[in-house]
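Engineer: Protein sequence lines correspond, in order, to chains X and E.
Under the numbering used here, residues -14 to 305 are what the first sequence spells out, in order.
Under the numbering used here, residues 198 to 579 are what the second sequence spells out, in order.
Just so you know, these hints were derived from the structure itself, not from any lab.
Certain hints may be false.
Listed next, the in silico SDA-like pairs over lysine to any residue satisfying Cα-Cα at most 25 Å (straight line) [to be verified]: (1) K215(X) / V520(E); (2) K197(X) / Q574(E); (3) K197(X) / K339(E); (4) K152(X) / A189(X); (5) K577(E) / S201(X); (6) K206(X) / P373(E); (7) K577(E) / E193(X); (8) K215(X) / A476(E); (9) K197(X) / R379(E); (10) K577(E) / G200(X); (11) K244(E) / K306(E); (12) K339(E) / P397(E); (13) K197(X) / W430(E); (14) K206(X) / G578(E); (15) K(-13)(X) / E217(X); (16) K206(X) / R571(E); (17) K215(X) / L549(E); (18) K197(X) / P373(E); (19) K197(X) / G351(E); (20) K463(E) / A281(E); (21) K215(X) / G200(X); (22) K197(X) / G380(E); (23) K206(X) / I393(E); (24) K339(E) / W430(E); (25) K197(X) / P576(E); (26) K206(X) / P327(E); (27) K197(X) / K306(E); (28) K197(X) / I563(E); (29) K463(E) / R295(X); (30) K197(X) / A334(E); (31) K463(E) / A105(X).
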Amino acid sequence: MKFSFTQDQRLFAEGLRDLLSKQCTPTHVREAWENQAGHLPDLWSRLAEMGVLSMLVPESQGGMGGTLIDAVLLFQELGRAAVPGPVLEHMAVAAPALAHTQWAHALNDGTAIATLWVDANPYVAHAQVANIILTHDSVITDFSIDDVHGIDGGRQLFTVHAQSTTKASSEVFGLPASDVMALASAAYLIGVSEAMIEVAAEYARQREQFGKPIGSFQAVKHLMSDALLKVEFAKAPTYRAAWSASTGSSTVLRDISMAKALASEAAYRASRSTMQVHGGIGYTWEADLQLWMKKSWALMRAYGDATYHRRRVGASVLHG
Amino acid sequence: MDLNETAQESAFRSEARTWLEANVPTSALPSFDTAEGFALHRAWEKKLYDGGWSAVSWPVEYGGRDADYIMWLIFEEEYYRSGAPGRVNQNGIFLLGPTIMEVGTQAQKTKFLPSMASSEIVWAQAWSEPNAGSDMASIRSKATRDGDEWVLNGQKIWASRAVWADWCFGIFRTDPTAERHRGLTFILCPLDLPGITVRPIAQLDGDTGFAEIFFDDVRVPVANTLGEENKGWAVAMATAGFERGVSLRSPARFTEAVKRLIHLWKTYGDPSDTALSDAVTDAWMQAEGYRLHTYQTVTGMLEGRTIGAEASLNKIFWSEMDVRIHEIALQILGPEAERMEGPSQRWVDGFLFSLSGPIYAGTNEIQRNIIADRVLQLPKGI
Ligand SMILES: Cc1cc2nc3c(=O)[nH]c(=O)nc-3n(C[C@H](O)[C@H](O)[C@H](O)COP(=O)(O)OP(=O)(O)OC[C@H]3O[C@@H](n4cnc5c(N)ncnc54)[C@H](O)[C@@H]3O)c2cc1C
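The shape of chain X in the complex, shown without the other chains (with noise of 0.2 Å):
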């Protein structure tokens, strides 16, 4: 057995990691969100160069012929910066689904964006800024949309009315869109975990009160170390769920809800902690902390929230 990433899918990782640290900062985030946009086009044409939207695209449809162990820490490291915009629908589901279709070539180079409307949700995320729109059996590129205003601005929520669909299949390796999704944002969450826990403990090293650093008091230290404690325990199962949908394991299911369940209750524990340990100004708009925040209380209920992830394990361990 060998538990770990290669050399590669590390480096290209950190390349995607330094990528969204100049182009993807949390000034680049709001203001995606605050102009309505919900999504960086600059950032997206670097993603397309980078082979980031492609990179489950296989080689001879012009993509990268990654696999899902390929993609898993890619799916971290965008949510590490809280990427506005379909960016894990596009590039788990729509770009390899559609490989085969007049698409394929669109959704490569990023100059098509594409969405997903999954059958549990009456609303589709990022619907404005897409003209791909893909369900479980077909793809919808003339359609009108209508704002529910989602609670994160990365990820704008919409009701959406097709005027003409065209029959396509969303499962991507033999797995529906919404495991392969369910999956995709376990691995975000993480990310965007990370990525609070980092600016809440960098917080609590510079504010002082009491004559001391918060984070000398060990109400907070055990407030941060919790919320790591849950992370670092979600990451394992996700990576495992990865390596169950690539190989094609017949426990896949049971393993991404395993992901799904422990990362969405991780994301959610960070970002009360780290909340908790901003004190009054973990509760405003200007601290960058809500961009995180905000996704995880979106993410967690997205494709499946842990109750619904926990009762498939179950199903599986238990009754199986």
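Starting from the structure of chain X, add chain E with the ligand where the hints point.
Structural biologist: Leaving out everything else, chain E with the ligand in the frame of chain X:
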């Protein structure tokens, strides 16, 4: 022990219910963290006052009904039951008002209480400073004596509703040679004086619920001192005690929220999900437990006991319960919980606000320290 209401209490309850049913606005007012909503809430407070319901526990001469704590809790139950608007002048009526009655001069009572009861003057609290939150004793805003005036300089932050409030109260350093808790004075100050700048701060939901208040050579009469000069800390602690104790978050707020939660569960909850039904049941038990605990506490107060550090137990309990109630609601709402409008709006707004409960009125970490030090008598940390 007799847990039944007396005839007098029941009569009071039905009088309150009748009035509220006839007068509560039929549709919800906009948030009081907006200019329009603030004005509408102020108008509602005036209506309450005219009906004699704005400050039931106050003496009749200042606009109240002399209601004892039990009756006050009964009124609160009826108030929340009726779906009446939030109390825009809660800082005045529930916190400053009782403090003025305890330590204020007769002239201050006459001057400040009636306009507070009618919300002609709405009050903001100005304790926190950028570098003095949990460590409030380290405040630096100062008041310097000049004849019979105080000259205020410094900066306060996180003052709720101060964007539209009329006056604020807070503590200022009056003896620059004294350290920490000593040498502080409790001062009342209009927010429209020359030298005051109020900068709105947007909260997590985007509304400007807070403000920063800058004082630049602001002059107020020395008569605006509440309690003794340089003894402001003790006065502030009395106010904070009211806040953490029973007055800020009466049980009805939570028993009503749990009723709505049960309704939500009946409408959308999956009855076969026993973890969910256990969670909803537990929320009910918590709210009921808080109600019972509060009735017991106020009976003790009526019998002459005072609440000290135990108030910190209350503050932790209600703030954590409030978060829990909203977490469960959002879980039931599922995908709807990602929306800031529509049927889930009240729950999502409530969820965001509930997260600030463990922070305001003294963080829960600080409350736990207080309980450990003063109730459990453990060796002191800091
Ligand atoms: C919704 C809301 C409304 C508010 N309204 C008002 C208002 O009207 N007027 C007003 O004056 N203020 C108001 N506040 C401010 C509030 O009182 C402060 O935010 C609070 O006291 C914490 O101070 P701080 O924000 O400076 O955080 P800090 O004191 O910096 O605390 C940061 C973190 O460190 C922890 N910490 C600090 N010291 C210790 C310690 N000794 N041991 C363990 N942990 C510690 C805290 O618990 C917290 O987790 C409001 C705050 C909120 C969120």
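Engineer: Going straight from one Cα to the other, do K577(E) and S201(X) come out at no more than 25 Å?
Structural biologist: holds (15 Å)
Engineer: Sort out whether P373(E) lies within 25 Å of K197(X), counting only the CA atoms.
Structural biologist: With Cα atoms ~22 Å apart, K197(X) and P373(E) stay inside 25 Å; holds.
Engineer: Has the given pair, K197(X) with G380(E), been kept, meaning a C-alpha gap of at most 25 Å?
Structural biologist: Distance of about 22 Å is within 25 Å: holds.
Engineer: Compare the distance between the alpha carbons of K463(E) and A281(E) with 25 Å, and conclude whether the hinted pair is satisfied.
Structural biologist: Within the cut-off at roughly 24 Å; holds.
Engineer: K197(X) and P576(E): Cα distance at most 25 Å?
Structural biologist: Status holds; Cα separation ~19 Å.
Engineer: Is K197(X) close enough to Q574(E), meaning Cα to Cα at most 25 Å?
Structural biologist: At roughly 23 Å apart (the allowed maximum being 25 Å), Q574(E) and K197(X) satisfy the hint.
Engineer: Against the 25 Å threshold, does the CA-CA distance of K339(E) and W430(E) hold or violate the hint?
Structural biologist: OK: K339(E) and W430(E) at ~14 Å, within 25 Å.
Engineer: Can you confirm whether the C-alpha distance between K152(X) and A189(X) stays at or below 25 Å?
Structural biologist: At roughly 53 Å apart (the allowed maximum being 25 Å), A189(X) and K152(X) break the hint.
Engineer: Run the distance test for K463(E) versus R295(X): straight-line Cα separation, threshold 25 Å.
Structural biologist: holds (22 Å)
Engineer: For the pair supplied as a hint, K197(X) and I563(E), confirm whether the alpha-carbon distance does not exceed 25 Å.
Structural biologist: Between K197(X) and I563(E) the Cα gap is close to 15 Å, so the pair holds against 25 Å.
Engineer: Would you mind confirming whether the straight-line C-alpha gap from K197(X) to R379(E) stays at or under 25 Å?
Structural biologist: This hinted pair holds, its Cα atoms lying about 21 Å apart.
Engineer: Run the distance test for K339(E) versus P397(E): straight-line Cα separation, threshold 25 Å.
Structural biologist: holds (22 Å)
When the structure is compared with the earlier hints, violations turn up for hints 4, 6, 23, 27 and for no others.
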